[in-house]
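Using the sequences provided together with the hints, build the complete structure.
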Amino acid sequence: MTKMHIKLATIFLYLLLASCTSSKKTEFWIYTSIYKDTVNDIKADLEKQFPDVTFNFYQAGSEEIATKVNTEDLAGKIQADLLISSDRFWYEDLVKKEKLLSYKPINSDSVEDFFKQKDGYYTTISFPLMVLGYNSEVVPDKEAPESFKDLTLPKWKNKISSGSPLASGTQFTTVAFLKEKYGWEYFKDLRKNEFMAEGGNSGVIRRLQNKEKPVGIVLLENILRLKTTDQRIKAIFPKDGSIIQSNIMALVKKENAQTELGHKIADWFLSEAGQKHMIKSFMYSPIPGFANPEGAPDFKTVKANAKPWTKEFIEKTMIDREKIKDEYSKIIF
Amino acid sequence: MKKIQILLLVLFSTLCIGPLVFLLLQVKASSFSLLLANDLTKQSILGTIILSFCVSSLCLLIGFPLAWLVERTDIPISQRLKSWLMLPYIIPPYIGAIAWISLANPQSGFLNILFGTHGFNIYSWTGLVFIESSFLFTYVFMTTASALSKMDSSLEESARICGANHFQVFCHITVPILKPALVNGFLLVFLSTAASFGVPAMIGGPARLHFITTQIFAFQRLGTENGLLMSIAFSSLLMVSSLLLFFGLKLFDDVQKVSMVGGKSSRPSLVELGKLKVPVLITILSFLFIVLIMPFLSLLFSSLSETQGVISLTNIGFKNFSRILFSTEETPRAFYNSFLLSISAGLVITILSFFTAYVQSRSDNKTRNWIEGIVNLPFSTPGTILAISMILVFSQSFWGRWSLYNSLGLLLVAYILKFFSLSLKTLTESFSQIHQSLEEAAQLCGASRFRILIDIYFPILRPALFATFFLIMMPCLSELTMTLLLSGPGQETLGILIYQLQEYSDMGGGGAAVISTLILTFILCFNLAYHLLQERRSIA
Numbered sequence: 095m096t097k098m099h100i101k102l103a104t105i106f107l108y109l110l111l112a113s114c115t116s117s118k119k120t121e122f123w124i125y126t127s128i129y130k131d132t133v134n135d136i137k138a139d140l141e142k143q144f145p146d147v148t149f150n151f152y153q154a155g156s157e158e159i160a161t162k163v164n165t166e167d168l169a170g171k172i173q174a175d176l177l178i179s180s181d182r183f184w185y186e187d188l189v190k191k192e193k194l195l196s197y198k199p200i201n202s203d204s205v206e207d208f209f210k211q212k213d214g215y216y217t218t219i220s221f222p223l224m225v226l227g228y229n230s231e232v233v234p235d236k237e238a239p240e241s242f243k244d245l246t247l248p249k250w251k252n253k254i255s256s257g258s259p260l261a262s263g264t265q266f267t268t269v270a271f272l273k274e275k276y277g278w279e280y281f282k283d284l285r286k287n288e289f290m291a292e293g294g295n296s297g298v299i300r301r302l303q304n305k306e307k308p309v310g311i312v313l314l315e316n317i318l319r320l321k322t323t324d325q326r327i328k329a330i331f332p333k334d335g336s337i338i339q340s341n342i343m344a345l346v347k348k349e350n351a352q353t354e355l356g357h358k359i360a361d362w363f364l365s366e367a368g369q370k371h372m373i374k375s376f377m378y379s380p381i382p383g384f385a386n387p388e389g390a391p392d393f394k395t396v397k398a399n400a401k402p403w404t405k406e407f408i409e410k411t412m413i414d415r416e417k418i419k420d421e422y423s424k425i426i427f
Numbered sequence: 164m165k166k167i168q169i170l171l172l173v174l175f176s177t178l179c180i181g182p183l184v185f186l187l188l189q190v191k192a193s194s195f196s197l198l199l200a201n202d203l204t205k206q207s208i209l210g211t212i213i214l215s216f217c218v219s220s221l222c223l224l225i226g227f228p229l230a231w232l233v234e235r236t237d238i239p240i241s242q243r244l245k246s247w248l249m250l251p252y253i254i255p256p257y258i259g260a261i262a263w264i265s266l267a268n269p270q271s272g273f274l275n276i277l278f279g280t281h282g283f284n285i286y287s288w289t290g291l292v293f294i295e296s297s298f299l300f301t302y303v304f305m306t307t308a309s310a311l312s313k314m315d316s317s318l319e320e321s322a323r324i325c326g327a328n329h330f331q332v333f334c335h336i337t338v339p340i341l342k343p344a345l346v347n348g349f350l351l352v353f354l355s356t357a358a359s360f361g362v363p364a365m366i367g368g369p370a371r372l373h374f375i376t377t378q379i380f381a382f383q384r385l386g387t388e389n390g391l392l393m394s395i396a397f398s399s400l401l402m403v404s405s406l407l408l409f410f411g412l413k414l415f416d417d418v419q420k421v422s423m424v425g426g427k428s429s430r431p432s433l434v435e436l437g438k439l440k441v442p443v444l445i446t447i448l449s450f451l452f453i454v455l456i457m458p459f460l461s462l463l464f465s466s467l468s469e470t471q472g473v474i475s476l477t478n479i480g481f482k483n484f485s486r487i488l489f490s491t492e493e494t495p496r497a498f499y500n501s502f503l504l505s506i507s508a509g510l511v512i513t514i515l516s517f518f519t520a521y522v523q524s525r526s527d528n529k530t531r532n533w534i535e536g537i538v539n540l541p542f543s544t545p546g547t548i549l550a551i552s553m554i555l556v557f558s559q560s561f562w563g564r565w566s567l568y569n570s571l572g573l574l575l576v577a578y579i580l581k582f583f584s585l586s587l588k589t590l591t592e593s594f595s596q597i598h599q600s601l602e603e604a605a606q607l608c609g610a611s612r613f614r615i616l617i618d619i620y621f622p623i624l625r626p627a628l629f630a631t632f633f634l635i636m637m638p639c640l641s642e643l644t645m646t647l648l649l650s651g652p653g654q655e656t657l658g659i660l661i662y663q664l665q666e667y668s669d670m671g672g673g674g675a676a677v678i679s680t681l682i683l684t685f686i687l688c689f690n691l692a693y694h695l696l697q698e699r700r701s702i703a
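From first to last, the protein sequence lines stand for chains H and W. Residue numbering for the first sequence is 95 to 427, as defined by the numbering used here. Residue numbering for the second sequence is 164 to 703, as defined by the numbering used here.
By construction, these hints were calculated from the structure, which means they are not laboratory data. This one's a predicted model, so the numbers in the text were calculated from it and none came from an experiment. Cβ coordinates follow ideal geometry from the N, Cα and C atoms, glycine included. Hints should not be assumed to be uniformly reliable.
What the simulated footprint calls covered on chain H by chain W, stretch by stretch (three residues with Cβ under 8 angstroms from a Cβ of chain W suffice, anywhere in the stretch; the number is not a length) [said to hold, decoys possible]:
id : segment
1  : 151 to 165
2  : 286 to 300
Heads up, simulated SDA-like pairs for lysine to any residue below, C-alpha to C-alpha not over 25 angstroms straight-line [unchecked claim]:
id : chain 1 : residue 1 : chain 2 : residue 2
3  : H       : K321      : W       : R486
4  : H       : K321      : W       : I474
5  : H       : K394      : H       : D167
6  : H       : K417      : W       : S399
7  : H       : K347      : H       : F208
8  : H       : K374      : W       : S490
9  : H       : K417      : W       : S490
10 : H       : K417      : W       : R486
11 : H       : K370      : W       : R486
12 : H       : K191      : W       : S490
13 : H       : K137      : W       : Q168
Here are the simulated distance ranges between beta carbons [stated by the list, open to error]:
id : chain 1 : residue 1 : chain 2 : residue 2 : range
14 : H       : E409      : W       : L224      : 55 to 61 angstroms
15 : H       : D139      : W       : S485      : 24 to 30 angstroms
16 : H       : K275      : W       : I479      : 54 to 60 angstroms
17 : W       : Q206      : H       : K251      : 44 to 50 angstroms
Right, here's the structure in full:
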């Protein structure tokens with residue numbers, strides 16, 4: 095028994111010590127909602143570029159990242175050095191609370207003013223695109239919905255789903271846009287159609303594939319990733335406008351912030367090397383001159399038909415962020 | 164003994180209450196008023212009470228008769244049945260939910276396709292109660308079966324000699340003696356249901372059913388400080404209610420503790436089922452087929468489907484397995500982290516609760532109830548809230564380089580706090596069934612307390628300790644709700660990997676089903692190997 099106790103105590107102590115021991119390299123924390131396969135590619139490249147730095151990634155949905163950062167902030171210490179996620183309104187909130195560092199990365203001057211914070215607190219590093227998706231095995235091409243508004247037609251009862259704006263930043267942005275355009279009545283009509291809002295965008299794809307909900311509001315990148323493996327899943331660019339999302343990058347203001355390193359890494363994300371990863375991950379680059387993601391239409395065409403971001407819309411949504419989620423929950427959940 | 168108990172009380176108060184009090188200090192009064200003004204608050208409180216009551220009652224109705232059948236009747240293959248019936252405890256309920264969504268979603272569920280109907284709808288009250296009960300009945304089953312196996316059968320036999328029939332023995336002897344175990348089982352199920360998140364979110368969400376834990380999650384995800392404070396305020400209400408319920412039940416539990424294991428025990432005489440033997444066996448096997456085999460087959464099918472949603476033999480292959488096992492960087496790490504954490508948590512909790520349970524069983528009721536109530540707090544607190552409280556405490560700068568934040572150590576501490584009460588309950592129950600005469604005899608021979616523990620209690624309780632280790636290890640192996648917030652980079656566990664593959668990272672689909680199938684296969688193989696080993700031992 096005594097020997098056993100000693101062995102167990104040793105294992106436990108080893109575990110604690112191993113988990114508490116820090117490496118000699120500089121550690122840099124990135125919290126991101128970018129998909130895991132892209133994160134793995136980015137990490138490998140960053141480690142080549144910055145050999146003296148250990149990159150730690152925390153990957154989760156945008157709203158989960160917001161919860162983690164808010165909690166850390168409540169405790170008085172935000173762990174993340176760099177944030178990359180898609181709920182732009184949350185970043186506006188962070189700017190207001192003075193939680194971000196001001197820095198304008200190299201190449202950020204090529205990003206349209208509208209997709210970056212004027213004082214350099216954040217900038218867009220890629221554009222995901224929210225479209226409609228459907229399973230062509232269940233819904234013939236000719237009968238597929240043509241717009242977001244179409245989803246309220248009775249023929250789509252029990253057939254539509256989206257991610258939850260409580261989990262996904264891109265889905266929240268979509269809700270904010272659709273609420274702005276059609277009001278809450280639109281969501282009440284969706285509710286009548288037994289609309290399901292659950293999880294992230296991959297959840298929507300899963301429901302499209304297994305025909306549980308053969309039509310969905312989903313990111314274009316999720317559909318394009320299936321192009322070679324499941325051609326039943328097709329994208330529709332809604333007539334009432336696809337929704338351009340902003341993948342935001344921001345440096346966190348904190349004690350002992352590694353400002354110089356942070357600047358270099360922020361620069362890297364907007365460099366050619368960083369942007370290649372975004373495009374490979376089927377997102378558009380915010381810097382003119384880069385190719386469109388494989389299989390995606392030209393960004394100019396998409397933008398011409400997309401719902402425009404306005405300053406008033408951003409300010410209003412930032413103020414109403416909590417109310418929008420609350421009202422949405424009351425109607426849909 | 165009193166001094167040690169007070170020391171334990173202080174230790175557990177610091178560990179279990181400290182983080183939660185720290186969390187509550189962040190709540191403002193305005194958060195409560197906002198909370199109470201929200202329409203969904205009342206709805207979710209009512210939903211949680213109804214769900215917990217329905218699930219606990221159903222679990223009692225399923226778990227108790229099953230335990231009695233395998234322990235007290237001559238049903239064939241009783242030991243195998245017992246071990247199979249314990250399996251759902253080991254399987255994470257969210258894996259069951261994933262499987263049942265494939266089986267019984269109203270649009271494309273396998274069962275609906277098979278029967279050409281839309282009648283099977285897992286997104287409903289019935290579906291939710293069914294899934295929760297199909298896993299949680301094991302709490303009642305295990306506590307009752309354990310008590311039945313240790314019960315001194317001479318009590319029943321005396322009643323029979325006095326002329327009582329089987330039914331009278333069951334009602335007047337068995338049930339009253341088992342009352343503490345049944346109350347414990349009911350309470351465990353009630354609190355587990357109230358604190359569960361995965362199944363209510365996955366099944367209740369689409370069914371538009373609201374519960375406290377899902378509402379706490381919704382408040383958190385408002386993404387504002389206000390939302391976070393409302394979620395903390397709501398969870399504090401849940402904590403207080405759990406505590407009141409716990410002590411309330413203790414107050415009304417007027418059953419005197421009965422020593423059920425004497426120095427000499429006899430093999431219980433079994434009730435003969437006669438003609439009912441085969442129908443009862445078929446009923447139990449059918450039940451196992453529904454709660455275990457059907458979900459397993461559904462997951463296996465999804466994991467082998469190269470393109471999700473295509474039902475064809477040409478679509479069957481091992482592409483998903485190959486992708487997840489050999490091309491996904493996180494998979495080996497997730498297996499390593501999960502096994503390291505769950506084995507460590509199992510060992511630490513079992514050893515700690517062995518000593519604590521001894522002190523508990525030999526101490527006065529008042530302090531004992533306090534300790535039980537305190538260690539029960541983290542168990543009845545929703546995982547997300549416990550995780551937030553841990554982040555708040557362990558990310559403070561005063562920890563310096565010893566901060567456990569973003570380390571496996573923090574996950575281990577969280578698992579220990581969360582599951583300690585389960586182990587303590589089981590072992591205290593086991594200790595209380597061992598008559599003090601054994602200890603007194605050893606004391607008369609001059610043995611110290613430590614010697615008594617090692618030479619008397621350890622051999623008697625070895626099976627219970629072994630069971631406790633697995634009782635803790637298995638839920639830790641694939642814990643999700645706390646791990647989701649507490650894990651740092653490179654600290655993926657199996658639960659996290661399943662969740663990420665299901666919701667975010669698996670574009671091809673089927674990845675979550677692959678990991679779930681592997682976990683289930685491991686559990687089934689482990690069970691089979693354990694059983695074969697037992698059989699060989701008994702032959703030898």
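Proximity test - 8 angstroms, beta-carbon atoms, the segment 151 to 165 of chain H to chain W, at least three hits: holds (count 12)
Restraint check for K321(H) with I474(W), where alpha carbons must lie at most 25 angstroms apart: Distance ~20 angstroms between K321(H) and I474(W) Cα, so the pair holds.
K417(H) paired with S399(W) [C-alpha distance capped at 25 angstroms]: Satisfied, since the Cα-Cα distance of roughly 23 angstroms is no more than 25 angstroms.
25 angstroms limit on alpha-carbon distance, applied to hinted pair K394(H) and D167(H): violated, 39 angstroms
Given hint S490(W) paired with K417(H) - CA-CA distance at most 25 angstroms: violated, 42 angstroms
25 angstroms Cα cutoff - pair K374(H), S490(W): holds, 18 angstroms
Distance restraint between K137(H) and Q168(W), which requires alpha-carbon spacing of 25 angstroms or less: Not OK: K137(H) and Q168(W) at ~51 angstroms, beyond 25 angstroms, violated.
Status of the given 54 to 60 angstroms range, CB of I479(W) versus CB of K275(H): violated, 45 angstroms
Pair hint K370(H) and R486(W), alpha-carbon separation not exceeding 25 angstroms: With Cα atoms ~24 angstroms apart, K370(H) and R486(W) stay inside 25 angstroms; holds.
Assessment of proposed distance window 55 to 61 angstroms (beta carbons of E409(H), L224(W)): At roughly 57 angstroms between Cβ atoms, L224(W) and E409(H) fall inside 55 to 61 angstroms, so the hint holds.
Consistency of beta-carbon spacing, S485(W) to D139(H), with hint 24 to 30 angstroms: At 25 angstroms between Cβs, range holds.
Satisfaction of hint between R486(W) and K321(H), Cα-Cα up to 25 angstroms: holds, 17 angstroms
Violated hints for the displayed structure, listed by number in ascending order: 5, 9, 10, 12, 13, 16 and 17.
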